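Colleague: Start from the sequences, fold in the hints, and give me the full structure.
Residue 147, in UniProt numbering, is where the sequence shown stops; the numbers in between run on with no holes.
Treat the hints loosely; a few may be bogus.
Claimed, not checked - List of simulated lysine-lysine pairs, DSSO-like, C-alpha gap at most 30 Å: (1) Lys-67 / Lys-51; (2) Lys-43 / Lys-8; (3) Lys-22 / Lys-80; (4) Lys-22 / Lys-128.
To be verified - If you anchor each label on the Cβ, the simulated ranges turn out as follows: (5) Thr-48 / Val-138: 15 to 21 Å; (6) Arg-64 / Asn-29: 17 to 23 Å; (7) Pro-95 / Asn-29: 29 to 35 Å; (8) Ile-14 / Trp-132: 31 to 37 Å; (9) Arg-75 / Leu-102: 34 to 40 Å; (10) Trp-79 / Val-116: 30 to 36 Å.
I should point out that these hints are in silico values taken from the structure, not numbers from a laboratory. Since we're looking at a predicted model, the values are computed, not measured. Built from N, CA and C at the ideal position, the CB exists for glycine as well.
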Amino acid sequence: MAKDSLLKRVLSSIFFRQANSKAVRYARNSSSLLNLIREALQKSGGLTGDKMQVFREHIGLLSRMLKSYASGQYREIPWKTLIRVIAVLIYFVSPIDFIPDLLPIVGITDDIALVVWLISAIRDDIEKFRAWETTQAVNKKEIIPIG
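Modeller: What follows is the structure, given as structure tokens:
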């Protein structure tokens, strides 16, 4: 199955449509978002090997973006981007999806295709978030304790 063909099937699957509709509810509930982030990081942390490193980094980036949104620190995420990120993470943490994660090796293929698509689709929003993140790190270093 070609990557584009797999992606089209995943995006039109009942599993992704369900994740998309759940995403709206999650977007309005910070504790649900934080639980989703925790699940996504836990699941990605269990993926080993050099080939999975970039995938884990992508999940980490998306998780940081959502955590910053949920905490109210970063609200510059367009609604469409927010829903896409949440839907992809919901899909990722679900063991039952287009290609069930219970199948060794191939079970993660659909998740990888979806995350790669998302990173490409929201590239500009990711760059804005990274710039904001860098600014936050610099600002924290500039704070001089008094007393």
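Colleague: Need the list of violated hint numbers for this structure, in ascending order.
Modeller: Hints 5, 7 and 10 contradicted; others consistent.
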